[in-house]
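*Asks:* So the chains spell out like this:
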Amino acid sequence: MRFSFSIEKLVDIIGSAEVEGSTNQEITDIASLSNAKAGDLSFLGNKKYTREVPESAASVILLPNTYEGSPSENQVFLRLENPSLALAKLCEEIEKLLMPKPATGIHASATVSDSATVDPTATIGPGCVISDGAKIGAGTHLEATVFIGHNVTIGNDCWIKPHVTVGDYCEIGNRVRLHAGAVIGSDGFGYETVNGVHHKVPQIGNVVVEDDVEIGANSTIDRARFSSTRIGAGTKIDNLVQIAHNVETGKGCIIVAQTGISGSTVLEDYVVTAGQAGIAGHLKLAKGTVIAAKSGLHSSTSPGQVLFGIPAIDANLAHRTDVLKKRLPDLFKRVAKLEDDLKTAE
Amino acid sequence: MRFSFSIEKLVDIIGSAEVEGSTNQEITDIASLSNAKAGDLSFLGNKKYTREVPESAASVILLPNTYEGSPSENQVFLRLENPSLALAKLCEEIEKLLMPKPATGIHASATVSDSATVDPTATIGPGCVISDGAKIGAGTHLEATVFIGHNVTIGNDCWIKPHVTVGDYCEIGNRVRLHAGAVIGSDGFGYETVNGVHHKVPQIGNVVVEDDVEIGANSTIDRARFSSTRIGAGTKIDNLVQIAHNVETGKGCIIVAQTGISGSTVLEDYVVTAGQAGIAGHLKLAKGTVIAAKSGLHSSTSPGQVLFGIPAIDANLAHRTDVLKKRLPDLFKRVAKLEDDLKTAE
Amino acid sequence: MRFSFSIEKLVDIIGSAEVEGSTNQEITDIASLSNAKAGDLSFLGNKKYTREVPESAASVILLPNTYEGSPSENQVFLRLENPSLALAKLCEEIEKLLMPKPATGIHASATVSDSATVDPTATIGPGCVISDGAKIGAGTHLEATVFIGHNVTIGNDCWIKPHVTVGDYCEIGNRVRLHAGAVIGSDGFGYETVNGVHHKVPQIGNVVVEDDVEIGANSTIDRARFSSTRIGAGTKIDNLVQIAHNVETGKGCIIVAQTGISGSTVLEDYVVTAGQAGIAGHLKLAKGTVIAAKSGLHSSTSPGQVLFGIPAIDANLAHRTDVLKKRLPDLFKRVAKLEDDLKTAE
Chain B
1 MRFSFSIEKL VDIIGSAEVE GSTNQEITDI ASLSNAKAGD LSFLGNKKYT REVPESAASV
61 ILLPNTYEGS PSENQVFLRL ENPSLALAKL CEEIEKLLMP KPATGIHASA TVSDSATVDP
121 TATIGPGCVI SDGAKIGAGT HLEATVFIGH NVTIGNDCWI KPHVTVGDYC EIGNRVRLHA
181 GAVIGSDGFG YETVNGVHHK VPQIGNVVVE DDVEIGANST IDRARFSSTR IGAGTKIDNL
241 VQIAHNVETG KGCIIVAQTG ISGSTVLEDY VVTAGQAGIA GHLKLAKGTV IAAKSGLHSS
301 TSPGQVLFGI PAIDANLAHR TDVLKKRLPD LFKRVAKLED DLKTAE
Chain H
1 MRFSFSIEKL VDIIGSAEVE GSTNQEITDI ASLSNAKAGD LSFLGNKKYT REVPESAASV
61 ILLPNTYEGS PSENQVFLRL ENPSLALAKL CEEIEKLLMP KPATGIHASA TVSDSATVDP
121 TATIGPGCVI SDGAKIGAGT HLEATVFIGH NVTIGNDCWI KPHVTVGDYC EIGNRVRLHA
181 GAVIGSDGFG YETVNGVHHK VPQIGNVVVE DDVEIGANST IDRARFSSTR IGAGTKIDNL
241 VQIAHNVETG KGCIIVAQTG ISGSTVLEDY VVTAGQAGIA GHLKLAKGTV IAAKSGLHSS
301 TSPGQVLFGI PAIDANLAHR TDVLKKRLPD LFKRVAKLED DLKTAE
Chain A
1 MRFSFSIEKL VDIIGSAEVE GSTNQEITDI ASLSNAKAGD LSFLGNKKYT REVPESAASV
61 ILLPNTYEGS PSENQVFLRL ENPSLALAKL CEEIEKLLMP KPATGIHASA TVSDSATVDP
121 TATIGPGCVI SDGAKIGAGT HLEATVFIGH NVTIGNDCWI KPHVTVGDYC EIGNRVRLHA
181 GAVIGSDGFG YETVNGVHHK VPQIGNVVVE DDVEIGANST IDRARFSSTR IGAGTKIDNL
241 VQIAHNVETG KGCIIVAQTG ISGSTVLEDY VVTAGQAGIA GHLKLAKGTV IAAKSGLHSS
301 TSPGQVLFGI PAIDANLAHR TDVLKKRLPD LFKRVAKLED DLKTAE
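Residue numbers (the numbering used here), protein chains in the order written: chain B, 1 to 346; chain H, 1 to 346; chain A, 1 to 346.
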């Protein structure tokens with residue numbers, strides 16, 4: 001058994017909830033409404049699954065206050081404002097049980113420079129390498145085989161997964177999570193071509209990752225040509241994302257998997273780029289811009305604009321033209337018929 | 001010399017073949033029909049290269065039974081049912097010669113938890129880290145600097161390349177190959193946004209990788225929000241692929257490089273996604289669905305459907321509209337002429 | 001302070017320049033024209049920023065010979081032919097100051113096979129693994145946790161960043177830079193499917209990386225099915241790029257982030273593929289071909305061709321159809337009106 005919660009303990013974790021019904025089951029797993037069985041907790045996070053509630057075999061269901069209907073026998077409903085948020089709180093508690101905080105200190109197999117500073121409450125796992133002049137903050141956990149370059153600073157309470165690289169001079173804030181294989185501070189891609197030879201433009205800036213950022217597995221954030229590439233506070237970056245040199249993101253941006261952002265582009269706060277979006281260089285994306293999945297953006301945007309397509313245009317117009325595109329074979333026939341009819345009419 | 005085979009040895013490896021002609025050359029390399037020279041083996045795996053056979057300088061050529069024509073002087077034809085499969089068998093033999101099985105045991109520089117279990121016939125290479133409660137099966141080879149999380153299970157005869165991460169609680173079957181830098185069990189990308197703050201939804205599920213799966217270099221497979229992300233038996237995943245949380249694939253799926261599959265989408269057996277395909281979340285792809293390269297799929301599919309485009313539509317229709325799209329400049333002119341003519345006619 | 005240069009030292013590094021004006025500032029940082037403050041050096045690399053020069057607070061500005069106008073008080077103009085190239089030279093000097101060459105030799109935590117050869121002027125950092133028969137050239141720097149497979153050869157003066165994998169039998173030339181997490185020599189993706197079972201085709205070739213190549217972070221270059229995947233001299237590859245088995249690139253190609261190139265495709269010299277481009281297999285891209293961002297190429301090209309779209313077509317035609325596509329809703333209305341008018345006219 002991985003965990004086991006009574007109803008009382010659940011309510012205690014979640015905060016307040018209106019309890020209806022009763023069960024003799026302890027909760028030992030979480031499942032979707034349709035997959036749940038006795039002993040499972042489930043939840044209604046999306047209205048479209050409402051009709052699955054009455055048929056669910058879950059022992060406990062988290063429901064919005066507005067849900068009408070009553071629990072089955074040996075089943076408990078917990079009504080509250082935001083079931084998804086309540087579930088997140090519960091999962092956080094379970095995560096603590098499943099993945100206990102490791103012992104603090106430096107593993108014997110780690111290589112730590114004499115000129116590096118590691119807070120005594122930090123955990124440096126097996127095979128990590130910490131270079132000259134680097135600083136690791138309180139409560140930060142480098143899981144294993146993490147590489148920290150020269151003069152890097154890492155804040156407090158960060159969690160850095162295996163095989164991450166943080167290159168020389170980069171600055172990482174507090175409560176940052178870097179997932180396995182992420183590369184912070186790779187060289188920007190810049191050359192001056194003279195007589196057919198691409199001369200490298202050395203990239204002497206760094207990357208600044210502000211507080212509460214999360215960066216996904218195998219994502220790459222290039223260091224600036226000079227000054228800083230910057231990831232704003234609370235921005236969340238998914239896996240396999242490419243951020244080029246001198247990009248700056250605002251606060252709370254959401255950058256979904258396999259997005260690519262070209263050099264010197266600026267994202268204001270709360271910009272969203274969906275999966276596999278591509279964004280050209282030297283653009284400014286205004287606050288709250290949304291770039292739909294697989295789109296290719298070549299121009300700056302205005303606040304709250306939603307864009308789709310390659311090249312990306314207003315999403316509504318894009319959807320209309322996509323519908324009409326499917327009717328092109330018919331349109332060509334209609335135009336040919338018009339030409340025939342007009343010829344006949346003459 | 002890397003290897004050297006006589007004709008007799010070749011036939012022995014391949015199984016049965018009809019031998020025509022003779023050569024005094026030992027076979028010491030493999031090459032395409034047009035690049036081959038004396039001492040090379042070549043093959044006809046694709047009909048479109050048939051006319052290259054008579055001109056090939058290869059000492060041995062693998063040919064389908066149906067091939068008409070005779071070998072040149074000092075050349076051997078080996079006729080059999082499936083030349084590509086025969087070549088695969090031969091390459092397997094060569095691979096064994098070139099990359100001999102390493103000695104079993106745990107390298108002195110590896111870090112293995114006291115509570116982990118490593119089969120005595122497994123090989124744990126330099127710099128590997130095996131965490132508490134993990135189990136490594138018989139004949140499995142962790143090449144170097146592989147990270148294995150808490151309570152992970154790895155089956156028998158797996159081959160895990162350098163810098164791979166297998167996160168806590170993930171389950172890997174038998175005969176699985178994980179290529180360099182692959183990340184199994186990164187966190188799914190999920191947040192609850194309250195008052196402009198993205199609260200992380202902890203991802204407490206795992207990844208289950210069934211038997212005979214291969215996962216490419218630097219691909220990322222996210223752990224489930226709860227329960228499991230699942231890669232079905234015999235599924236083959238190429239490099240730089242992103243599989244989001246709670247995705248499930250059937251048996252024998254083929255997922256080509258840089259594909260991205262969003263959360264909770266289900267692929268039934270033998271689905272194929274070509275390079276750089278993108279698939280939205282919460283979809284069901286029926287058995288044998290094929291998503292063409294660079295397509296963006298936003299809806300569920302029926303068995304055997306072939307789709308192309310962004311958004312992906314029936315591939316035949318997509319190809320027709322793509323042809324017509326190129327004729328749009330002409331169509332606009334024709335419509336303008338029609339308008340003129342009609343005005344004149346009035 | 002990270003660095004400090006006098007005007008004399010600057011001119012000395014850059015080579016010749018025409019000096020106008022004077023300043024009492026030492027140069028201690030580099031910034032764009034609009035961000036620069038006293039003590040910063042800036043430059044005019046792109047005409048579109050010309051109007052920012054007079055307002056810039058930079059203490060020194062690198063300008064093209066043709067620039068008209070004079071420096072402000074306490075400001076120096078350095079006029080020369082190519083400001084961007086001059087900046088690159090300066091950055092190279094700064095890079096040497098910021099990232100000094102490490103001490104030569106093999107770190108105590110590295111694992112080096114007895115049958116490997118490491119030049120005494122090479123640097124092998126912490127946690128590196130060098131397998132049997134490998135050779136590391138003079139002046140080459142393996143930063144940390146680099147994996148070098150069996151019988152690999154690495155030339156002189158290479159710089160290999162953390163977590164790079166160079167697989168068995170691969171050959172790396174001189175002055176090559178491999179960025180963090182890059183995988184050279186992962187298996188090509190090839191199977192023979194018999195009765196619903198995907199049999200792996202072992203990939204027994206290698207990867208040859210010629211002189212002066214740079215390969216970005218977390219990019220993956222597959223080994224050949226047989227013979228070699230080849231990256232031509234002076235080719236520059238960005239982050240998260242996928243190069244499949246048996247691809248060959250010419251000299252001086254530029255392959256931008258998240259590009260994917262399918263098996264056996266050949267790029268002649270100076271081909272450019274922009275971000276997120278996808279290229280099908282078995283094609284030949286003639287010298288100087290340019291594939292625009294996000295394009296999907298399905299056919300071979302002629303020299304200097306510029307292509308855009310999915311599928312990629314002549315870029316000019318693609319841009320014209322993209323404009324017309326936005327006018328489709330209007331076109332459909334016009335055709336409907338024509339049909340009405342013609343009916344009325346009859």
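These are computed hints drawn from the structure, not numbers from a lab.
Warning: the hint list may mix true and false statements.
Over the 10 Å line for every Cβ pair with chain B, so calculated as not near, a few chain H residues [stated by the list, open to error]:
no. : residue
1   : S32
2   : W159
3   : E171
In silico DSS-like cross-links for lysine-lysine, where the CA-CA straight-line distance does not exceed 30 Å [to be verified]:
no. : chain 1 : residue 1 : chain 2 : residue 2
4   : B       : K251      : B       : K101
5   : B       : K96       : H       : K135
6   : B       : K135      : B       : K96
7   : A       : K333      : B       : K200
8   : H       : K284      : B       : K48
9   : A       : K287      : H       : K48
10  : H       : K337      : A       : K343
11  : A       : K333      : H       : K337
12  : A       : K326      : B       : K287
13  : H       : K101      : H       : K326
14  : H       : K48       : A       : K47
15  : A       : K9        : A       : K101
16  : H       : K326      : A       : K326
17  : A       : K101      : H       : K343
18  : B       : K343      : A       : K337
19  : A       : K251      : H       : K37
20  : A       : K343      : A       : K326
21  : A       : K89       : A       : K287
22  : B       : K337      : A       : K326
23  : A       : K101      : A       : K47
24  : B       : K284      : H       : K101
25  : B       : K343      : A       : K343
26  : A       : K37       : B       : K200
27  : H       : K284      : A       : K200
28  : B       : K135      : A       : K37
29  : B       : K343      : B       : K287
30  : H       : K48       : H       : K135
31  : H       : K96       : B       : K343
32  : H       : K251      : H       : K284
33  : B       : K326      : B       : K343
34  : A       : K333      : A       : K287
35  : A       : K135      : A       : K37
36  : H       : K96       : H       : K251
Note that beta-carbon positions come from the ideal geometry of N, C-alpha and C, so glycine has one too.
*Asks:* To test your reading of the hints: which numbers does this structure violate?
*Replies:* 7, 13, 14, 17, 23, 24, 29, 30, 31, 34 and 35
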